[in-house]
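Engineer: Residue numbers (our numbering), protein chains in the order written: chain D, 1 to 125; chain R, 1001 to 1349.
Among the hints, erroneous ones may be present.
Stated by the list, open to error - Under the rule of at most 25 Å between Cα atoms (straight-line distance), these lysine-lysine pairs were calculated in the DSS-like manner:
#1 Lys-1070(R) / Lys-1105(R)
#2 Lys-46(D) / Lys-98(D)
#3 Lys-4(D) / Lys-99(D)
#4 Lys-1105(R) / Lys-98(D)
#5 Lys-97(D) / Lys-1157(R)
#6 Lys-6(D) / Lys-1079(R)
#7 Lys-1247(R) / Lys-39(D)
#8 Lys-4(D) / Lys-1247(R)
#9 Lys-1272(R) / Lys-6(D)
#10 Lys-6(D) / Lys-39(D)
#11 Lys-1105(R) / Lys-1116(R)
#12 Lys-37(D) / Lys-48(D)
#13 Lys-1247(R) / Lys-37(D)
#14 Lys-6(D) / Lys-1048(R)
#15 Lys-98(D) / Lys-84(D)
#16 Lys-1272(R) / Lys-1048(R)
#17 Lys-80(D) / Lys-97(D)
#18 Lys-48(D) / Lys-1022(R)
#19 Lys-99(D) / Lys-1157(R)
#20 Lys-1330(R) / Lys-1306(R)
#21 Lys-99(D) / Lys-46(D)
#22 Lys-1247(R) / Lys-99(D)
#23 Lys-46(D) / Lys-81(D)
#24 Lys-1105(R) / Lys-1079(R)
#25 Lys-1272(R) / Lys-1108(R)
#26 Lys-1049(R) / Lys-1022(R)
#27 Lys-1272(R) / Lys-1049(R)
#28 Lys-48(D) / Lys-1247(R)
#29 Lys-6(D) / Lys-48(D)
#30 Lys-4(D) / Lys-1048(R)
#31 Lys-1247(R) / Lys-98(D)
#32 Lys-46(D) / Lys-74(D)
#33 Lys-6(D) / Lys-1116(R)
#34 Lys-1247(R) / Lys-46(D)
#35 Lys-42(D) / Lys-99(D)
#36 Lys-1049(R) / Lys-4(D)
#37 Lys-4(D) / Lys-1055(R)
#38 Lys-39(D) / Lys-98(D)
#39 Lys-1055(R) / Lys-6(D)
#40 Lys-1247(R) / Lys-42(D)
Hints were generated in silico from the structure; no laboratory data involved.
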Amino acid sequence: MYDKGKIIPGIIVFVCLLIFPILYNSGSAGVLPNPEKPKDQKECVKDKQYMRTTHMQLINDWRDEVLREGNREKVVVQGKKYDKSLMNGCMTCHTNKKKFCDECHVYASVYPYCWDCHFVPKETI
Amino acid sequence: MRILYPFLAVLALVLISFVGAKMPGGQSLFGVVIPYLAFFAFIIFFIKKIIYWAKSPVPFRIPTTSGQEKSLPWIKQNKTDCPSSTGGVIGRMFLEVFLFRSLFKNTKTDVEDGPKLVYGSSKYLWLFGLLFHYSFLVIFLRHWRLFTNPVPSFVTKLELADGLLQVGVPVLYQSDIILLLALTFLFLRRVIRPQLRYISLASDYFPLFLIMGIGITGILMRYFIRVDIVSVKELAMGLATFKPVIKGDIGVLFFIHLFLVSCLMVYFPFSKLMHMGGVFLSPTRNLANNNRMVRHINPWNDTSIKPHSYAGYEDEFREFMVNAGLPVEKELPPAAEEPPAAEEDKPAE
Chain D
1 MYDKGKIIPG
11 IIVFVCLLIF
21 PILYNSGSAG
31 VLPNPEKPKD
41 QKECVKDKQY
51 MRTTHMQLIN
61 DWRDEVLREG
71 NREKVVVQGK
81 KYDKSLMNGC
91 MTCHTNKKKF
101 CDECHVYASV
111 YPYCWDCHFV
121 PKETI
Chain R
1001 MRILYPFLAV
1011 LALVLISFVG
1021 AKMPGGQSLF
1031 GVVIPYLAFF
1041 AFIIFFIKKI
1051 IYWAKSPVPF
1061 RIPTTSGQEK
1071 SLPWIKQNKT
1081 DCPSSTGGVI
1091 GRMFLEVFLF
1101 RSLFKNTKTD
1111 VEDGPKLVYG
1121 SSKYLWLFGL
1131 LFHYSFLVIF
1141 LRHWRLFTNP
1151 VPSFVTKLEL
1161 ADGLLQVGVP
1171 VLYQSDIILL
1181 LALTFLFLRR
1191 VIRPQLRYIS
1201 LASDYFPLFL
1211 IMGIGITGIL
1221 MRYFIRVDIV
1231 SVKELAMGLA
1241 TFKPVIKGDI
1251 GVLFFIHLFL
1261 VSCLMVYFPF
1271 SKLMHMGGVF
1281 LSPTRNLANN
1291 NRMVRHINPW
1301 NDTSIKPHSY
1311 AGYEDEFREF
1321 MVNAGLPVEK
1331 ELPPAAEEPP
1341 AAEEDKPAE
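Could you put the whole structure together from the sequences, leaning on the hints where they help?
Structural biologist: This is how it looks when you write it as structure tokens:
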């Protein structure tokens, strides 16, 4: 083999880049998200699996319906009416953003920009 | 055929994983076993290929460059295109690896009325090649958000920058769009230009379709048919810490995506995609053009073979040369010549 002095360090750097996550975690999967569910409620606006995967599209649709089509019709969950709204909808049940939304979001490294404008429920303001 | 078969092959891979992931045990096969095998196969065969290449000697500097080489002091040298020093070579390699300088020099050939052969500059391949590779890199690095916990801040910043336009929810990544656009261009280029279609093989189309498949399944998962990202990350973290678990209902699209990526990893070291490692080993790029300054000795030379001058050669074979009537520079010594000749002649008489 020729140019060992250059090729072997090159290969080592390449492999280290590839296995960066393995080295970085060094065997520890870290803390799992544990979103705190609302205690006094049983159901979300849609079924749980749908909420886990698609909640961001749902609120986006709500926003479009409310703001572009003027359709402020309320959603009904277990007989109670809720606004199609971030603050006045989701957050009436999920009262703690930090312990609910952020649990997952920090884990998955998503930082929704919605809160640039929308208020977070009282306790954290 | 050369387009259809690779397309069908990718389609078949999609179908295999679609059906496979729904079978009992299929999720651990497609989510854990195959990705692990593919990843380690990728690393091992990649290294093997590089070492195989590194074993072939490069006897001589190949000065196929497009710049003036170092010459007389009043002739200006092109220091990056035809470097004669290590620094210059590093500059040339940098331009090659990061900016694809060779593609920048791409030309197109056309026959115009006349008929007249014309050459023109063609920068599209360079532009879309660059866009493709950089968006691929960004997408690759962004995926570390699923493989690291806590996520390093540079990954978060990269995501932020990539979604800067804040289009839609989840935020649209520019790199997704650019990747697909560039791939479409790279595909159409081969189909539309007759010369290129003629030289394009199935092994040119297959990686394009495979990467398109990966891109499309990824985009579908993010914007259209959502999968459970938290469970995906739990699996990815499990893979990266060697304690894989599949929890929750992830969604079959994810397994298709992962299987296509696994196929890419296995296919990579045996295909033209190895230019990723090969670009660093291009003798026309990584060697200084110093043929006239430095004596390069063939690496395969056997040191036990001593130099053999003409004079020495004649000393060894003079007798035979004289016998064969070949001209010699030094005649045979007369005393040594005659007696054997006489002896030989006698019995013959």
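Engineer: Hint by hint, say whether it matches the structure.
Structural biologist: Tested hints:
{"no.": "1", "hint": "Lys-1070(R) / Lys-1105(R)", "result": "holds, 21 Å"}
{"no.": "2", "hint": "Lys-46(D) / Lys-98(D)", "result": "holds, 22 Å"}
{"no.": "3", "hint": "Lys-4(D) / Lys-99(D)", "result": "violated, 53 Å"}
{"no.": "4", "hint": "Lys-1105(R) / Lys-98(D)", "result": "violated, 54 Å"}
{"no.": "5", "hint": "Lys-97(D) / Lys-1157(R)", "result": "holds, 22 Å"}
{"no.": "6", "hint": "Lys-6(D) / Lys-1079(R)", "result": "holds, 22 Å"}
{"no.": "7", "hint": "Lys-1247(R) / Lys-39(D)", "result": "holds, 24 Å"}
{"no.": "8", "hint": "Lys-4(D) / Lys-1247(R)", "result": "violated, 45 Å"}
{"no.": "9", "hint": "Lys-1272(R) / Lys-6(D)", "result": "holds, 23 Å"}
{"no.": "10", "hint": "Lys-6(D) / Lys-39(D)", "result": "violated, 61 Å"}
{"no.": "11", "hint": "Lys-1105(R) / Lys-1116(R)", "result": "holds, 22 Å"}
{"no.": "12", "hint": "Lys-37(D) / Lys-48(D)", "result": "holds, 11 Å"}
{"no.": "13", "hint": "Lys-1247(R) / Lys-37(D)", "result": "holds, 19 Å"}
{"no.": "14", "hint": "Lys-6(D) / Lys-1048(R)", "result": "holds, 16 Å"}
{"no.": "15", "hint": "Lys-98(D) / Lys-84(D)", "result": "holds, 21 Å"}
{"no.": "16", "hint": "Lys-1272(R) / Lys-1048(R)", "result": "holds, 15 Å"}
{"no.": "17", "hint": "Lys-80(D) / Lys-97(D)", "result": "holds, 22 Å"}
{"no.": "18", "hint": "Lys-48(D) / Lys-1022(R)", "result": "holds, 21 Å"}
{"no.": "19", "hint": "Lys-99(D) / Lys-1157(R)", "result": "holds, 23 Å"}
{"no.": "20", "hint": "Lys-1330(R) / Lys-1306(R)", "result": "holds, 23 Å"}
{"no.": "21", "hint": "Lys-99(D) / Lys-46(D)", "result": "holds, 20 Å"}
{"no.": "22", "hint": "Lys-1247(R) / Lys-99(D)", "result": "holds, 22 Å"}
{"no.": "23", "hint": "Lys-46(D) / Lys-81(D)", "result": "holds, 14 Å"}
{"no.": "24", "hint": "Lys-1105(R) / Lys-1079(R)", "result": "holds, 17 Å"}
{"no.": "25", "hint": "Lys-1272(R) / Lys-1108(R)", "result": "holds, 22 Å"}
{"no.": "26", "hint": "Lys-1049(R) / Lys-1022(R)", "result": "violated, 36 Å"}
{"no.": "27", "hint": "Lys-1272(R) / Lys-1049(R)", "result": "holds, 12 Å"}
{"no.": "28", "hint": "Lys-48(D) / Lys-1247(R)", "result": "holds, 15 Å"}
{"no.": "29", "hint": "Lys-6(D) / Lys-48(D)", "result": "violated, 54 Å"}
{"no.": "30", "hint": "Lys-4(D) / Lys-1048(R)", "result": "holds, 14 Å"}
{"no.": "31", "hint": "Lys-1247(R) / Lys-98(D)", "result": "holds, 24 Å"}
{"no.": "32", "hint": "Lys-46(D) / Lys-74(D)", "result": "holds, 14 Å"}
{"no.": "33", "hint": "Lys-6(D) / Lys-1116(R)", "result": "violated, 48 Å"}
{"no.": "34", "hint": "Lys-1247(R) / Lys-46(D)", "result": "holds, 21 Å"}
{"no.": "35", "hint": "Lys-42(D) / Lys-99(D)", "result": "holds, 18 Å"}
{"no.": "36", "hint": "Lys-1049(R) / Lys-4(D)", "result": "holds, 14 Å"}
{"no.": "37", "hint": "Lys-4(D) / Lys-1055(R)", "result": "holds, 10 Å"}
{"no.": "38", "hint": "Lys-39(D) / Lys-98(D)", "result": "holds, 16 Å"}
{"no.": "39", "hint": "Lys-1055(R) / Lys-6(D)", "result": "holds, 13 Å"}
{"no.": "40", "hint": "Lys-1247(R) / Lys-42(D)", "result": "holds, 22 Å"}
Comparing the model with each earlier hint shows violations of hints 3, 4, 8, 10, 26, 29 and 33; every other hint is respected.
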